Amino acid sequence: MQFRDYYKVMGVDEAASADEIKKAYRVLARKFHPDVSKEKDAEEKFKELGEAYEVLKDPEKRQEYDNLRKYGYNDGGDFQPPPGWGGGTFRDAGFGGAGGGDFSDFFEAMFGRGGPGSARGYRDIRSRGRDLHYRLGVDLEEAFAGSTRTIHLQAAGGGQRSLNVKVPAGVTEGQNIRLRGQGEPGIGGGPAGDLYLEIEIKPHRHFRLDGKNIHLEVPVAPWEAGLGAEITVPTLGGSVKLKIPAGARSGQKLRLKGKGIPGPGAGDQIVDIKVVMPPVRSEKDEELLRRMAETMDFDPRAELNG
Amino acid sequence: MNENRTLFLTGEFLDETARYSLSELLEICDVDDACLLEFVQYGIVDPAGEAPENWRFSSLHAWRVHRAVRLQSDLGLNVAGAALCLDLLDEIARLRIQLRSRR
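In order, the protein sequence lines correspond to chains D and L.
If you read the first sequence in the working numbering, its first letter stands for residue 1, the second for the next number, and so on.
If you read the second sequence in the working numbering, its first letter stands for residue 1001, the second for the next number, and so on.
Bear in mind the hints are in silico, worked out from the structure with no lab data behind them.
Keep in mind that a hint or two might mislead.
To give an idea of the interface, some chain D residues facing chain L are shown, with a C-beta separation under 7 angstroms as derived from the structure [stated by the list, open to error]:
#1 S37
#2 D41
#3 E64
#4 N67
#5 R128
#6 A145
#7 I151
#8 V165
#9 K166
#10 R178
#11 L179
#12 H206
#13 D210
Note that the structure is a prediction, hence the values are computed from the model and not measured.
Every residue gets a Cβ at the ideal spot worked out from N, C-alpha and C, and that includes glycine.
Only chain L is shown next, with the shape it has when bound in the complex (with noise of 0.2 angstroms):
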């Protein structure tokens, strides 16, 4: 690295644009697509897109995919119960937002 220059990092921002193909989230994400299908049938991810060929994913839906799988092993949690959490979770971080701008 050349010293007189630092280099920057840029980050991908978390959003809701869909723009990744069901194998690029599997690539992303490191998933199996048996277990990414299980996700979809439990609402984890929503794809815009009809068939699975069409799906589109966000970096959202890649985010929540690779906690979904953290909770499953770390904790055990079963697909349902890992859905539960998130959706949880997702609410409780939505409320801190709330209170935070209130005070």
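Same shape as in the complex, but just chain D (with noise of 0.2 angstroms):
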């Protein structure tokens, strides 16, 4: 097993005094707490500064502590217990439970599982796993059709487990999914957490996502807009007809109605009209566009220059 260094992991000088170590551990705690922080690995160190903190806050835990440290144990160097170490009588004392900790086996190894006072779970005999938190990438595509998906969460005591979820049809951006019971297993016998699924939606090269409604610009050309014209455009679901009003302006917006994010109240596509100038490659391109310019009435500065 690993060695932690406790006062690496709080940031503090090893002659800290404990007025220090808790403070550190208060604006660290603030820092890395999982309900506030977006940090990616903030539920694991969250935990190694609850351990740290568990075992620097209590004199004679320290104590013990910096005498180990004194051997010449680095951090994530090798560590065997050495013979005759104290913390481990207290292991499988009755904490029913496969891997049912919330500290690491370093911690175990030397204070045992039964350490008395311990930051979470370990005061009362009986408490409750810890909720975890997970954030779910999704693509627009699946959050439209949903999908199964494979996410691997680090157990406690450094394991990794592997769970097939279901991502149904119609997520949003931000929703939150309980899994109930898949969060670290409870303590004495306690019922175990749950596990938080938070989608979030990986952008898309053209749709674009707002609430449950989908928004996609769509390219026309001048005689489109100007004529009115049915036109193809892509939706999640496939490919629909759209029909584009004669006199249609760049910046218009056409509703497709419940062709939006699926579900309950589900969503619309927004198509927003841009008309887009053809290239001129020819002479007789040239010659249309003078024409344009000769016969039409209009000033697109009109508004500017008023």
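The two chains are supplied separately, each in an independent frame; assemble them into the complex guided by the hints.
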């Protein structure tokens, strides 16, 4: 097992006073709290911090730890508890459930699993497992049609745990899904925590999500906008025909009802019309534009200069 | 477990549908009623229904209670502090979503 440098975790000097340690804990707990922090490994860091504080705040534990540290162990280095080390006697002292603790193997080897007064869980014999949070990046296509995904979670004790989950059709950005009982195991027969999946919709090349509505910018030729046209536009559910009314202008929006993200209160697809200028490639093209300029009575800057 | 079949877990959407009674919420969140009463008084959760026996909570409420409890125990906040913190976190989450959809 790996040696953990609790002083490094807390960012304090080994000569730090109890007050300095308490202060460091308060600052870092705020920074890495899984409900507050958006850092990817906040959950892990917060746990490490809790473990480090659990040891350093307690003069007896800190003394024991300091003695061990003096043997010259380095952070992350291999650690074997010296023979006759006291802590291990608490192991498996009736806290049922595989890997049922919040703390690392290193902590357990030093202080056992049943140390009194620890930060979380151990105060009561029976307590609920910690909830876990996982941010799940989902393609827009998956949000539309639903999908199945395998996610990998850090299990208590350091291993990995894989879960197959259904991403239902109709998920939206920021939505939370609870998987009951898939958090960390409870202690002393307490219920397991829950796993929360927070949906994060990945950006799409063409479509833009706004709540349950989907925006799509659709280029149209000046004659299509001017004369009206029936064009084909993509939606997440496949292509559909869309009528552009005569006299359409850039920036106007057309609504395709119910073609957004499905589910209760299904969204719409909003088509943003963008009139684009055709490239002028030949003398004929130029001639056509010259004739337009001569025949059409149009001042595009009338409002600006008015 | 059957080796040939992969088991897929289906989660529960957290939404505003009022579905839990007071006692159900207490069980889901593993808190006592005095604690929850205080959360209601501070507006951390705002159940539908007038009297406690008619209260109905949503899954989003349950999630807020969970987070409030954690913030209190992990950061040493009082109820008002946890309530403010949750409001601000929700506001940040809302703005983040808005920002992402503008990009």
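Against the structure, the hints come out as follows:
1. Because the beta carbon of S37/D sits about 10 angstroms from the nearest beta carbon in chain L, more than 7 angstroms, this interface hint is broken.
2. A least Cβ separation of about 17 angstroms between D41/D and chain L goes past the 7 angstroms threshold, and the interface hint is therefore violated.
3. Checking E64/D against chain L by beta carbon gives a least distance of about 25 angstroms; that is not within 7 angstroms, so the hint is violated.
4. Restraint check, N67/D versus chain L: the minimum CB separation of about 29 angstroms is more than 7 angstroms; hint violated.
5. With its C-beta approaching chain L no nearer than about 5 angstroms, R128/D sits inside the 7 angstroms limit, and its interface hint holds.
6. For A145/D, the suggested interface contact is broken, since its CB lies about 15 angstroms from the closest CB of chain L, more than 7 angstroms.
7. The beta carbon of I151/D is not positioned within 7 angstroms of any beta carbon in chain L (closest approach about 10 angstroms), and the interface hint is therefore violated.
8. Here the hint on V165/D is kept, as its CB sits about 5 angstroms from the closest CB of chain L, short of 7 angstroms.
9. The interface hint given for K166/D holds, since its Cβ lies 5 angstroms from the closest Cβ of chain L, which is under the 7 angstroms cut-off.
10. With a cut of 7 angstroms, the hint placing R178/D at the interface with chain L holds, because the nearest CB-to-CB distance is about 5 angstroms.
11. With 7 angstroms as the threshold, the beta carbon of L179/D comes within range of chain L, its nearest partner Cβ sitting at about 4 angstroms, so the hint holds.
12. The interface hint given for H206/D is violated, since its Cβ lies 14 angstroms from the closest Cβ of chain L, which is over the 7 angstroms cut-off.
13. A hinted interface residue such as D210/D counts as satisfied when its beta carbon comes closer than 7 angstroms to some beta carbon of chain L; here the least separation is about 5 angstroms, so the hint holds.
Of the numbered hints listed earlier, those contradicted by the structure are 1, 2, 3, 4, 6, 7 and 12.
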